[in-house]
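Asker: Place chain C on chain R using the hints.
These protein sequence lines map, in sequence, to chains R and C. To convert, note that position 100 of the first sequence is 100 in the working numbering; the numbers rise steadily by one, no gaps. To convert, note that position 317 of the second sequence is 317 in the working numbering; the numbers rise steadily by one, no gaps.
A few of these clues could be false.
[Claimed, not checked] Listed next, the stretches of chain C that the computed footprint assigns to chain R, with coverage defined by at least 3 CB atoms under 8 Å from CB atoms of chain R:
id : segment
1  : 9-20
2  : 52-59
3  : 296-308
[Claimed, not checked] Pair ranges (Cβ atoms, derived):
id : chain 1 : residue 1 : chain 2 : residue 2 : range
4  : R       : V243      : C       : K88       : 51 to 59 Å
5  : R       : V193      : C       : L122      : 55 to 63 Å
6  : C       : K96       : R       : H308      : 38 to 46 Å
7  : C       : D12       : R       : V193      : 39 to 47 Å
8  : R       : A183      : C       : Q22       : 52 to 60 Å
9  : C       : A251      : R       : I83       : 39 to 47 Å
10 : C       : K88       : R       : G307      : 33 to 41 Å
Treat the hints as calculated values from the structure; they're not laboratory data. Glycine included, each C-beta is placed from N, C-alpha and C at the ideal position.
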Amino acid sequence: MKICAYNIDSLNNLNVLRKAKQYCKSGMITKEQWTNIQAAYKSDSFSPNIFIRILLFIAAFVALCGVTALLAIPFISIVEDAIFILCILYGIGSFVLLDLIFVKKLKNYKSGVTEMLLYHSVGFTIGGFIGMTDGNIPFSFIVSFLVLSVAAIRYIDFVTTVAAILTAASFLFYILAEIGGWAEKLIPFAFIVFFLGTYFIAKKNKKKSELYLWRNCLEILEVFSLLFIYIGGNYLVVRELSVQMMNMMLEAGHDIPFAIVFYSLTVLVPVVYIFLGVRNKDITLIRIGVIALFFTVFTFKYYYSLGHPEITFTIGGLILTGVAIYLLNYLKIIRNGYTREQLIAEKWTSLNAEAFIISQTMGGNQHHVHTDKGVEFGGGGGFDGGGAGRDF
Amino acid sequence: MSFQPTYKQLFDKQLVDEKQFQQLEAIESGKLISVFYELRTLLYLGVLLLSTGIGILIYENIGSIGHIVSVILIAALCVICFVYTFKKQEGYSRAKLNSPSPYFDYVLLLGCLLFISVLGYLQFLFNILEYVEAMTLVTAVFFFFIAYRLDHLGVLSLAITAFASFWGLSISFQNWYSSDVFASNNLYIIAIVFGLALACTSLILERRNIKAHFTFSYINYCSLLFFVGTDIGLFSMRGSTVWICVLLQLAGAGAIIYYAKNIAKSFLFLVYGVVFGYIAFSYLLTIIIPSGAEILWAYYLLLSCGGFIFFIIKYRNYFKREE
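With the rest of the complex left out, here is chain R (with noise of 0.2 Å):
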């Protein structure tokens, strides 16, 4: 059996198209170019734009409601243990499905349709697993992996790679939970050690030519090698998971073992990914860093607040402004490699997209500004904002 489900000859004549329409609309080459460029590549692949590929994976959703209900009406008064069984069966059915007739027939690739069907597969398939062992949970962990990985792998799904990395991390951390005493306070240090393993895993392999449609897949577990290894050193994190998973006592004036050294990575872990990132022209490494950075203002804050948050909001508020005016007058020339304008246009970027989240997490709630008697002046709301946007 082949590694990838698609045909890879015709995937990689998709990727070339999708990469020279982009150099196309951003001008870097001429639209007869393209139009030869689209005669040497054809590829039949069936992989529709975002808005269709929402609309089959609703579609595909409510089908499969119907397809379960029908098949699950005649075994409803079967005994528990080959609901399981017949669980896996189906899930297997489908993954069957998805490959000989959504992918291998019909051609599709990231159609909306083949998501659905491997997360009900996949989703399934796991399920039977676990209910078979009746909560083993080792033993569930190690099954939820392997199915994640393979989905991933075999049919190049970012959703499952997600599910995969956080299955092992949760895998790594209830291991040591488990055993107990000095394990467990070594948890912070067992994550930073793994995670910057599978970090240059990830790194050094995303430019292998051989990994080249996977490279995605090896870029989403770079980020998460990356935050993960700050998390494992974060003093917040590392100090509230102390006391509420593994219910460890802190009284007053008393601090977590090894305060010291992570107080120290909370601050060096971001600082040092911008440093590398900024030398090395990594982008993931400054993106990263920036983020990793506010969540340590925010445990910095959190701990030592002196109560003043519009004070914190508007000192934030000028820092930020004043590095981004900087940076964006510093970068109007080309320095080091890097560039305030923008190189090619990227897809999910659109003028439209961007006016609808500034109203939402502006401007939503307007008529709240007029009738809490001005309690939230400005952009009050601004921060409960998030999750907007689902529409694009």
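Answerer: The following block gives chain C in isolation, referenced to the frame of chain R:
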């Protein structure tokens, strides 16, 4: 099986020339890095934090600074923002204008947020609660003016939101989620009428070539308001209301599918049309299918959605990405 990156493949097949290859290689291999979105995100967060912080600061220090002084302070800052933006964006045009500088969008946004602060503050100060509605209308009118004069989609959506909230509708997903979009009972009728009226207005404006690129935002808000309105009427279980809403929703779905396919060429609107049309049609079936025959529902879901999937896959060329 191994593949080279796209730019290399294209160069090997002589589909791009050497100069283009070098350009593409510099970008794709990370020799040249664009921090366009990163800097914009930082600026956006900065403006958001700053306006929130200033708002709370002033509110908490009303006693010590004095009301008049603080109003004047924010108003002054607000005026500075607008003076800057009006200076930068020369003259009005019916066509699309590009933002004249990278800061333009953010200064304008800050100005608009401060404008809301000033108005809210004035209301707090003089306690003119009777005129809340009038205030929202003033905000809406002012924002519409700014959006058209300075050509800014973000301000346009602020204006639409303010205008809708003047009629008592608040367009926000948080409210929708907590199911108080339409706080009072018959608000869904206002939502339907408002959506229809504003959508028609925007189409007329587009026909006259006045800021034609604004139409997408208008139709997006209006269709959501319209369909949520008809949906609420649909599930209100009030005799004739239900029938009118079912018909309205089916008609609306048909109209927006036609509009999406033939005029706007927008897949987003197509999705709205199909989803809401399907909801209305399925609702009709609850009346036809007797309550004892749930298995018919399973067949219906399977056949309708399965049929839809195969329809799209069969006529896939219709749904190919647009050039």
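Asker: It remains to establish, for every hint, whether it holds in the given structure.
Answerer: To see whether the hints hold, each was checked on the structure:
For a cut-off of 8 Å, the count of residues in the segment 9-20 of chain C with a CB near a CB of chain R stands at 6, and the three-residue condition holds. Figure legend: the segment 52-59 of chain C, annotated as covered by chain R; annotation consistent (8 residues with Cβ-Cβ distances under 8 Å, at least 3 required). Under a criterion of three residues with beta carbons nearer than 8 Å to beta carbons of chain R, the stated coverage of the segment 296-308 of chain C is upheld, 11 such residues being counted. The hinted window of 51 to 59 Å between R:V243 and C:K88 holds, with their beta carbons roughly 53 Å apart.
Checking the proposed 55 to 63 Å range against R:V193 and C:L122 shows it holds: the Cβ atoms sit about 59 Å from each other. Hint check: C:K96 to R:H308, Cβ distance near 44 Å, so the stated range 38 to 46 Å holds. Take C:D12 and R:V193: their Cβ atoms lie about 41 Å apart, and the range 39 to 47 Å holds. Separation of R:A183 from C:Q22 is about 53 Å and conforms to the stated range, judged on CB atoms against 52 to 60 Å.
Taken as a hint, the range 39 to 47 Å holds for the pair C:A251 and R:I83, whose Cβ atoms sit roughly 45 Å apart. Separation of C:K88 from R:G307 is about 40 Å and conforms to the stated range, judged on CB atoms against 33 to 41 Å.
Checked against the numbered hints above, the structure breaks none of them.
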